[in-house]
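Chemist: Sequence:
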Amino acid sequence: MKTSTRTIRRTMLVDFVERSFLPHTRPDAGESSRKSRDYVIAAEWLGTALGRPATLGDLTAPNVRATLRTMIESGCQAERIKFMRRALLRIWRYAFRTGFAKPVREVPMPTVRQSRFRNQPPAGGTLLAFYRDEFRPAIVASSKVTDSAIA
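Counting from 99, one number per residue, gives the positions in the sequence shown under our numbering.
A few of these clues could be false.
[Unchecked claim] The calculated lysine-lysine pairs, modelled on DSS-like cross-linking and capped at a C-alpha distance of 30 Å, are:
#1 Lys133 - Lys180
#2 Lys133 - Lys200
#3 Lys200 - Lys180
Read the hints as simulated data drawn from the structure, not as lab findings.
Starting from the given sequences, assemble the full structure and let the hints guide the process.
Modeler: The structure is reproduced here in structure tokens:
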């Protein structure tokens with residue numbers, strides 16, 4: 099079944115995910131399941147990157163790359179970005195199989211550099227060291243409580 103280009107451009111991606119993709123690819127999962135919600139969130143991220151609600155016509159490699167860059171700039175973790183990339187590609191493949199999108203092109207995973215805080219714990223690497231070296235001294239310095247009162 100061939101779908102007109104006009105229909106593809108106007109169909110909102112979130113609606114497509116909720117009404118077509120999820121019921122056909124995850125029929126056993128309820129609408130409230132976390133995975134199902136994550137696919138909707140992936141479609142919403144695409145819209146965020148574009149600055150408007152995404153449509154089926156927006157499923158292109160440059161737009162998916164822009165979405166991943168937006169997520170990186172927002173501080174998302176590498177695993178989350180990796181999942182959203184896979185989710186967008188799965189939605190795109192399904193849309194292509196059903197005649198709603200152009201052929202899928204592979205979109206490589208971008209390099210995600212995490213901040214020092216996310217990669218290694220501060221203050222010696224343990225929660226105890228953080229409490230002893232940073233948290234406790236800050237509490238004592240900012241309050242009138244004496245050091246012996248919080249020991």
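Chemist: Evaluate each hint against the coordinates.
Modeler: Each hint tested on the structure:
{"no.": "1", "hint": "Lys133 - Lys180", "in the structure": "holds, 14 Å"}
{"no.": "2", "hint": "Lys133 - Lys200", "in the structure": "holds, 25 Å"}
{"no.": "3", "hint": "Lys200 - Lys180", "in the structure": "holds, 22 Å"}
In summary, this structure violates none of the numbered hints.
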